[in-house]
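Enquirer: So you can see what is in the structure, the chains are spelled out below.
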Amino acid sequence: MSNEKKVPVAEEDVYSTEGRWPVFIKLMAVTGVAAALGELVGTVKFPVGPGNVILLPMIFAMIFAVLVTPDALGSKIKALKEICGEKEVKLSESMLTLVLIILGIKLGMSAGPNIEKVLAAGPALILQELGNLGTMVIGLPIAMLLGMRREAVGSTLSICREPTLGLIGEIYGIDSPEGLGVMGTYMVGNLFGTIFFGLLGSFGLLTGIHPYALGMACGMGSGSMMTAASQALAASVTVSPVWANLVTADEVLAFAATSNICTNVDGLYMEFLIALPVANFLYKKLSPVFFKDKA
Amino acid sequence: MTLSKTLNELKALVLCGAVILFAQWVNTIRGGTTMEFLTAVVGMFIIILISMLSLKIKQLLPWKIPAFAWASILGLLVTTPWCPFQQVVLDFTNAVTTGAVSSVILAVAGVSIGTKLSDIKRLSWRMIIVAIFVFCGTFFGSALIAQLILSVQGII
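Each protein sequence line maps, in turn, to chains A and B.
Just so we're aligned: 105 in numbering that gives the first Met the number 0 is position 106 of the first sequence, and the numbers increase by one with no gaps anywhere.
Just so we're aligned: 121 in numbering that gives the first Met the number 0 is position 122 of the second sequence, and the numbers increase by one with no gaps anywhere.
Possibly wrong hints are sitting among the right ones.
[Stated by the list, open to error] Ranges of calculated distance between the beta carbons of each label pair, as one might list FRET restraints: (1) A:Val22 to B:Gln58: 20 to 26 Å; (2) A:Val22 to B:Glu35: 53 to 59 Å; (3) A:Asp70 to B:Gly153: 31 to 37 Å; (4) B:Glu35 to A:Lys75: 40 to 46 Å; (5) A:Glu85 to B:Leu122: 17 to 23 Å; (6) A:Ser175 to B:Thr33: 53 to 59 Å; (7) A:Leu285 to B:Met51: 44 to 50 Å; (8) B:Pro61 to A:Asp174: 27 to 33 Å; (9) B:Glu35 to A:Pro49: 35 to 41 Å; (10) A:Arg149 to B:Thr1: 41 to 47 Å; (11) A:Val43 to B:Lys10: 49 to 55 Å.
[Unchecked claim] Calculated pairs, DMTMM-like style, for lysine to aspartate or glutamate (alpha carbon to alpha carbon, straight line, at most 25 Å): (12) B:Lys4 to A:Glu169; (13) A:Lys283 to A:Glu169; (14) B:Lys57 to A:Glu17; (15) B:Lys120 to A:Glu17.
[Stated by the list, open to error] Chain B side only, calculated, beta carbon under 8 Å to chain A, not exhaustive: (16) Thr33; (17) Ala94; (18) Val110; (19) Ile112; (20) Lys120; (21) Phe138; (22) Gln146; (23) Ile154.
Simulated from the structure, these hints should not be mistaken for lab results.
Cβ coordinates follow ideal geometry from the N, Cα and C atoms, glycine included.
Put together the whole structure using the sequences plus the hints.
Expert: Here it is as structure tokens:
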């Protein structure tokens with residue numbers, strides 16, 4: 000371990016406990032109580048068509064947590080702001096990284112014992128990465144149909160998490176139409192992404208697509224969204240009359256974990272080298288179709 | 000990469016671990032699940048140890064690969080049948096449930112959007128519709144390709 004290499008920007012110690020113990024304790028108390036309440040509500044399942052849609056404790060935990068934040072009940076009840084204020088929210092963003100790492104390890108541990116199955120499915124795992132381009136194949140025409148111009152390219156480039164914000168910010172500037180598009184999908188993802196993928200993971204099974212393939216689809220580059228999707232899918236598989244005896248929850252998680260590793264490794268490069276050129280190409284080809292009267 | 004920074008990361012991870020074990024314990028109150036508390040505590044310490052390793056790998060390597068990915072890779076490596084201590088690791092870490100970890104993640108994620116709720120007023124309905132198609136696009140895009148290749152391979 001050498002300290003000779005100078006880090007270009009002195010990174011701030013986001014986990015510094017100096018003078019911040021109360022913030023740590025309050026945040027962990029709030030999340031602990033929210034998670035506990037979620038666990039107490041338990042798993043709710045309701046039948047839809049041939050299967051079940053499952054709401055896991057985590058979804059309720061999230062809702063309870065959102066409720067106590069400064070923007071929600073905190074704006075009405077002053078005492079709540081004392082417990083969960085701006086400082087706690089700020090710290091929660093850093094703590095999220097850590098809890099996600101813990102989950103990453105647990106998911107890796109469901110893949111390890113299944114490594115032979117995962118390796119056998121290698122070609123599918125690698126090629127399904129191209130499926131992430133589905134965001135624009137489906138999204139771009141819809142966005143243009145709704146009257147969006149260059150915003151459409153940004154908003155449908157990917158699921159638009161922080162790395163995409165950085166990429167588009169660098170190329171077009173975050174105030175450009177493309178940047179505004181990315182911000183839009185980013186914000187929708189923040190607010191509804193996790194809950195939406197929590198439902199999609201469960202609904203996905205009703206399409207008849209094999210749980211292995213759906214598992215791979217869960218790794219899409221966002222930690223909390225992939226958590227929601229893969230857990231909901233795994234739980235749905237175990238209660239599904241069709242799949243319960245054929246597929247285990249651990250196998251589903253194994254494919255989700257390895258697919259997510261792939262997306263984490265190739266994600267940004269693929270966005271820059273493939274997704275952006277394809278989006279610009281599609282935009283150019285589709286413009287005359289959608290905007291012929293105004294061109 | 001100073002010692003105090005490493006120590007702070009460790010403290011924060013221990014806090015996270017404690018909250019996760021608490022959530023898992025609450026789940027046992029509802030009945031239906033049991034929890035071997037001591038085994039789970041040891042399992043959590045193993046997980047925290049690997050977490051620290053992931054953070055350090057991420058900080059030491061120049062590649063833009065998140066610590067989350069390193070964590071999955073390490074977790075995978077130590078539990079493959081080729082790893083000499085696979086069984087020991089699994090015996091302890093299996094006592095920590097993924098479900099409890101997920102509940103805590105989403106609780107923290109819930110708090111983290113706490114100051115962003117007002118964004119909702121800035122969002123147009125167009126954005127919401129487009130985002131829904133974007134989310135479905137990546138999910139079903141990947142699922143369909145995987146389905147195709149897996150059936151060509153004869154795996155499913």
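Enquirer: Is the interface hint satisfied for Phe138 (chain B)? The criterion is a beta-carbon contact with chain A at less than 8 Å.
Expert: holds, 5 Å
Enquirer: Verify the interface restraint on Thr33 (chain B): the C-beta must sit less than 8 Å from at least one C-beta of chain A.
Expert: violated, 14 Å
Enquirer: Quick one, is the Ile154 (chain B) hint okay against chain A at 8 Å, beta carbons?
Expert: holds, 6 Å
Enquirer: Taking 53 to 59 Å as the hint, is the beta-carbon distance of Val22 (chain A) and Glu35 (chain B) inside that range?
Expert: Check failed, 33 Å falls outside 53 to 59 Å.
Enquirer: Falls inside 27 to 33 Å, the C-beta gap from Pro61 (chain B) to Asp174 (chain A)?
Expert: holds, 29 Å
Enquirer: Are Glu35 (chain B) and Pro49 (chain A) spaced within 35 to 41 Å by their CB atoms?
Expert: Cβ of Glu35 (chain B) to Cβ of Pro49 (chain A): about 37 Å, so the range 35 to 41 Å holds.
Enquirer: Measuring from beta carbon to beta carbon, are Arg149 (chain A) and Thr1 (chain B) in 41 to 47 Å?
Expert: Holds: the Cβ-Cβ distance is about 44 Å, inside 41 to 47 Å.
Enquirer: Let me know if the C-beta of Ala94 (chain B) comes in closer than 8 Å to any C-beta of chain A, holds or violated.
Expert: violated, 11 Å
Enquirer: Is the interface hint satisfied for Ile112 (chain B)? The criterion is a beta-carbon contact with chain A at less than 8 Å.
Expert: OK, holds: Ile112 (chain B) within 8 Å of chain A, min 5 Å.
Enquirer: Using the beta carbons of Ser175 (chain A) and Thr33 (chain B), state whether their distance is inside 53 to 59 Å or not.
Expert: holds, 55 Å
Enquirer: Given the range 31 to 37 Å, decide if the beta-carbon distance of Asp70 (chain A) to Gly153 (chain B) lies inside it.
Expert: Given range 31 to 37 Å: violated, Cβ gap about 51 Å.
Enquirer: Given the range 49 to 55 Å, decide if the beta-carbon distance of Val43 (chain A) to Lys10 (chain B) lies inside it.
Expert: violated, 35 Å
In summary, the structure is inconsistent with hints 2, 3, 11, 12, 15, 16, 17 and 20 from the numbered list given earlier, while agreeing with the others.
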